[in-house]
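This is what each chain is made of:
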Amino acid sequence: MSTAVKTQKQTMVQAITDGMRTMMREHDDVIVLGEDVGRNGGVFRATDGLIDEFSDKRIIDTPLAESGIIGTSIGLAMNGFRPIAEMQFLGFIYPAFNQIMTHASRIRSRTLGHFTVPLVIRAPYGAGVRAPEIHSDSVEALFTHMPGIKVVVPSNAYDAKGLLIASIEDPDPVIFLEPMRCYRSHKLEIPEEKYIVEIGKGARLQEGEDITLIAWGAMIDVVKKAAKEIEESEGITCDVLDLRTLFPLDRDLIAESVQKTGRAVIVHEAPGTGGVGNDIVSLINDTSFLHMRSPIKRVTGHDTPVPMFAIEDDYLPNSDRVKQAIIDTVRF
Amino acid sequence: MSTAVKTQKQTMVQAITDGMRTMMREHDDVIVLGEDVGRNGGVFRATDGLIDEFSDKRIIDTPLAESGIIGTSIGLAMNGFRPIAEMQFLGFIYPAFNQIMTHASRIRSRTLGHFTVPLVIRAPYGAGVRAPEIHSDSVEALFTHMPGIKVVVPSNAYDAKGLLIASIEDPDPVIFLEPMRCYRSHKLEIPEEKYIVEIGKGARLQEGEDITLIAWGAMIDVVKKAAKEIEESEGITCDVLDLRTLFPLDRDLIAESVQKTGRAVIVHEAPGTGGVGNDIVSLINDTSFLHMRSPIKRVTGHDTPVPMFAIEDDYLPNSDRVKQAIIDTVRF
Amino acid sequence: MDTQFPIKQILNEDGIVVNSEYESEMTESLTKELYTKMLRARLFDKKSVNLQRQGRIGTYVPFEGQEAAQIGSALVLKEGDWMFPTYRDHAATLTYGHSLRNLFLYWKGYPMGCVPPEGKKIFPPAVPIASQLLHATGTAWAEKMKGTDHGSIAYFGDGATSEGDFHEGLNFASVFDVPVVFFNQNNGFAISVPVEKQMKSKTIAQKAVAYDIPGIRLDGNDVFAVYFETREAMKNARNGNGPTLIEAVTYRYGAHTTADDPSKYRDQEESKRRREQTDPLVRIERYMEHKGFWEDSWKAKVENEITVEIEKAVEEMEAFGAAPSTDMFTHVFETPTWTIQEQLDEFEARAKEEV
Amino acid sequence: MDTQFPIKQILNEDGIVVNSEYESEMTESLTKELYTKMLRARLFDKKSVNLQRQGRIGTYVPFEGQEAAQIGSALVLKEGDWMFPTYRDHAATLTYGHSLRNLFLYWKGYPMGCVPPEGKKIFPPAVPIASQLLHATGTAWAEKMKGTDHGSIAYFGDGATSEGDFHEGLNFASVFDVPVVFFNQNNGFAISVPVEKQMKSKTIAQKAVAYDIPGIRLDGNDVFAVYFETREAMKNARNGNGPTLIEAVTYRYGAHTTADDPSKYRDQEESKRRREQTDPLVRIERYMEHKGFWEDSWKAKVENEITVEIEKAVEEMEAFGAAPSTDMFTHVFETPTWTIQEQLDEFEARAKEEV
Ligand SMILES: Cc1ncc(C[n+]2csc(CCOP(=O)(O)OP(=O)(O)O)c2C)c(N)n1
Ligand SMILES: Cc1ncc(C[n+]2csc(CCOP(=O)(O)OP(=O)(O)O)c2C)c(N)n1
Ligand SMILES: [Mg+2]
Ligand SMILES: [Mg+2]
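In order, the protein sequence lines correspond to chains A, B, C and D.
The first sequence begins at 1 in the working numbering and counts up by one.
The second sequence begins at 333 in the working numbering and counts up by one.
The third sequence begins at 665 in the working numbering and counts up by one.
The fourth sequence begins at 1020 in the working numbering and counts up by one.
Just so you know, these hints were derived from the structure itself, not from any lab.
Hints may contain errors.
Claimed, not checked - Pair ranges (Cβ atoms, derived):
id	chain 1	residue 1	chain 2	residue 2	range
1	D	1259	C	689	48 to 56 Å
2	A	313	B	660	52 to 60 Å
3	D	1357	A	207	33 to 41 Å
4	A	320	C	999	36 to 44 Å
5	B	444	D	1258	55 to 63 Å
6	C	841	D	1335	52 to 60 Å
7	D	1357	B	521	31 to 39 Å
8	C	971	D	1259	52 to 60 Å
9	D	1357	A	320	22 to 30 Å
10	A	8	B	444	46 to 54 Å
11	D	1357	C	782	53 to 61 Å
12	D	1073	B	444	23 to 31 Å
13	D	1196	B	338	41 to 49 Å
As the list claims (entries may be wrong) - Derived coverage of chain D by chain A (criterion: at least 3 residues anywhere in the stretch with Cβ under 8 Å from a Cβ of chain A; other residues may be distant):
id	segment
14	1103 to 1113
15	1130 to 1139
16	1211 to 1219
17	1245 to 1259
18	1358 to 1369
A virtual CB, placed ideally from N, CA and C, is assigned to each residue, including glycine.
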């Protein structure tokens, strides 16, 4: 970036607001719908101030009904608008599952492109913020398995703004997952102007030789910590990948890295069974079978509901579990 | 089986009716709820005749509302009944997703066992019967990823009755998926009395040396055909596994087989991305890494919605695709 | 409660005008237009049932008996309005300009069957019951935000009122004063379940009270009642007065689908009786006779034209050739993801090998 | 429509009886019981807010102002009835016998917080809004099928009426004549969204019309109106007359949760005014004064006993020790699957290593 770019230090949630504001200023057809997104500015303040700038015509408090929010957003999207629908928490998206699964994601293919649904669904998600039951679900995999929708997860403020703008510009539905643990955990210098982080492209956060660590969202901090500590204690160096998009996966990035290291540990919050980690194992199996020196390890949430918050830390992967997996893999 | 066992030749759908009838005769707390399950006997006749034997007190036509069916069934299950809730097609389960995801599957763990949900959800599913859109979805993976529910899929009449009875006896929620293509495709001798096929146990349908073929439900016929033809044309012999339960997977059966053959092809109807096939790849990676002589192949539905029925055959895996995968794997 | 929502009628079953409010508009030309469209729909329906029996299309959903409800309401729409039908609403979609060929293709399982004519805002049949009420609300809301005077109409059955989306659709539409008409065809059954088991309420119209919007109950076999009442509702919608719930009381003569056997769950004598006594086409024929609009030769000519048109569409359907399987891959996203592109490439390679 | 559903009152805001229907039952003993329970709930609520501020529990959901609605209704229940509360209904659950300690543990994020006392049919707070209406319907339906005279009560807010499950719950309950009372607390807001934006209807009670069941609107800060009307509704339910929808009009004084800032979306003067003028406890205090039931010494004694009880429960909460993390694994299924067993074993091995 040239030094001429004006930047502001922002948290991830501020960068998300910024991304919406940027696009709403440029495009009248971008609108925001959801529960408490208006005067209240969202329960995480992600839409804070937007109603003042854009009025309640474009920042719309809806009734408390997720199927209603998504279903009407589909109609709006088919008819000239680009709605950003906020689910208050990803764990409350389930009542809208039918509308997403049978309509948002299928209307383009159903009508051979006659009708389309340029819809962004934003949802805070993940455990570790001491929220009540259901609020902490990590169900990316429900959507990666759903044909016709892209799944995006930023892990930091810079990516959040760029990926959100890319999602709004995308002609098809995108589910944009916002790890609550990252909302205010760091500040980064964010360009004031519009920029894009391409959907479908991961990032290599750190170069290493011995093993590839693959994660996204709130697990990035966990993985980075593990990578740092394991290098210090064991001299093991890690390639750290932040996938950023879960569908479609960045195959080239993953394959190139594991073909170099011959080893991989995948880390995610969701239960291992049915989790996106398995897709990545398959991808590695498909692309890099002969390069692998040891079995891939997955460090994941358990095959249990995310428990009540007093014990959620024992549900979540942590850097100790990741380090153990690294050691097991390297010493295999 | 001793020759004294009385049997009847039954299709899978008849065996399912039989399974319900058997349990309803034995247990007053077993009831059936759903759309058109009563006088009409279900759109596939799976509940045919039950209302005559058990009256509309136990075979209950509900309003057309899947969340209502599952939500009230949860209440009934918590309060002394063992409901069998029929979803008319698996593709219509989505409106009930919230009730299944946040309640049916979590009430035991939420209340540390104080309340429990002995509920069976039956649903016809899968493509290949010339049904309209949505009716043909294969979304097992949405449920294998859902902590707290078991996922069962018979491929033949014998297993259907035994697994259904096991599901009704299970103290926890089970989703029982009925491949429509198998409903009337074969008849088998079915014991008239009660018997059980254990949940969590797959079956080896055929012994072979060169490769393991893994499938379930309607894909079993496809896989068996491929196995037969490939043996005839190439002399390749296949271990054929019918998983029968998708959660929990029969780890021992899979591991034992692939450790013998060193190769595997997994076949399912659902899209590859996010499909149960990936879990099996991971399971093999975890248990049998050093035994594998070539990358595991998955032959699956595409990452697209199941299309309109005129072209659904080109969506579905067929024996040619399976044979190609076998050859690619064996000649790797 | 059914006394608060009496069934509105304009023509009684004998074709006599029982409410003269709109009599001046019940002209020969409107009458003939309505009749022609009803006849066309009925002949389409009969043809489709036959095509299904002959195996030339797949399972079909007949609507015979419901023509007045669908056509009276659909004729109200103007260019630019949105229509959200179910699988049973081809009389409505044909009236609003859908193509006969594509409707046949729909039941033949062709993706092209879901595509409306260019510029026509007709959504494909909503398969998940009641889901379309929200789309109708959303598209109409968009019209309102754009400041046009267009609106939407959503068709749905008595069974559909039980789904959560029915409720959420009416609630959103009422809260945001959206220009949408919720047009319910109460045909007495949701597959086998009679309306008395679907709801405790005696009418569907009264459900409007929950949303403080107008609820209208009318004789769905009286095409004039349907036409004028729906026109009023759409006018209200266009004028910014928000949504209306209309309950058109009707009956399906036939099976739920060609795969269904109604004798399992209802008295088929009732269906015969209805066909003889309350048929929507017969009623308007009688009216035309009373008014002197009726000529057998006119009917014969119209019927002939329709038959020719339908036969031509059948030919077009059959001349369409095989449905391109690549359709499955090419429209999932505007630009295919690598996964889908790879699957398409493999599919095409296999197809080439097979040739 | 609000004239069809006027707000029923027994005591006005000054504690004067305006409807003498139940006056003979408004005895000193009942009055004192109601008052005591309301005071206990309020002190629990205040304590919880304080514990949250001190970081001894997590985010908490206050219910101050809604005590009459919750307690008047909950006191109606008999042993064997089912209660389905939200996260804001601890006044109701305490009245029906939930344990103070476990409620504190709930807000401390302990699994044990979801467990009711043995034999008590109190479901944990339903987190997904409106989902519990179906459970209440199902459990009550089971009672009906078993032939008992038990029923269920489901608590939910004004916002919850927008969800599809509200509609499906009322429809199922009405169709099957299920013994359930749908007890709505219209506290004016769903987080920040006022009831006027949640629905177009002026009342929630009128939504009962959609299901042809009784809809009752009452002053939710009048504990007698709540008690007697809910008792009637439950009696109807027990007698096989099916469900009732009750709208208790009330107000929450505080924030939606301790993490919420209501000044962002509403005039906090209104809250102050309500606290001064329409408080449910003050109203009954006034009634007691009019009737000569009131003694300052009695109040002091009761308050003291409650304070002791609550402090003891806080101690019990804190003496509970760490929540066992193994709870997460051991109750997913009656018998753990191998996946969960393996994860549990690994967890325990790691825990051992760390020691
Ligand atoms: C969500 C959902 N559940 C179930 C079905 C299966 N189904 C198709 S039509 C139908 C009955 C619909 O009845 P109604 O709404 O009265 O419309 P009608 O068929 O009478 O026109 C059912 C249950 C479906 N399509 N979608
Ligand atoms: C399905 C679902 N969507 C959203 C939420 C988040 N949420 C929690 S409370 C609440 C407002 C509820 O309002 P109301 O029903 O009036 O009850 P109150 O909080 O006023 O008691 C919302 C939106 C949720 N818990 N569940
Ligand atoms: Mg119907
Ligand atoms: Mg409220």
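Handout entry: Structure versus earlier hints - violations, ascending order
Key = The structure breaks hints 2, 5, 14, 17; every other hint is satisfied.
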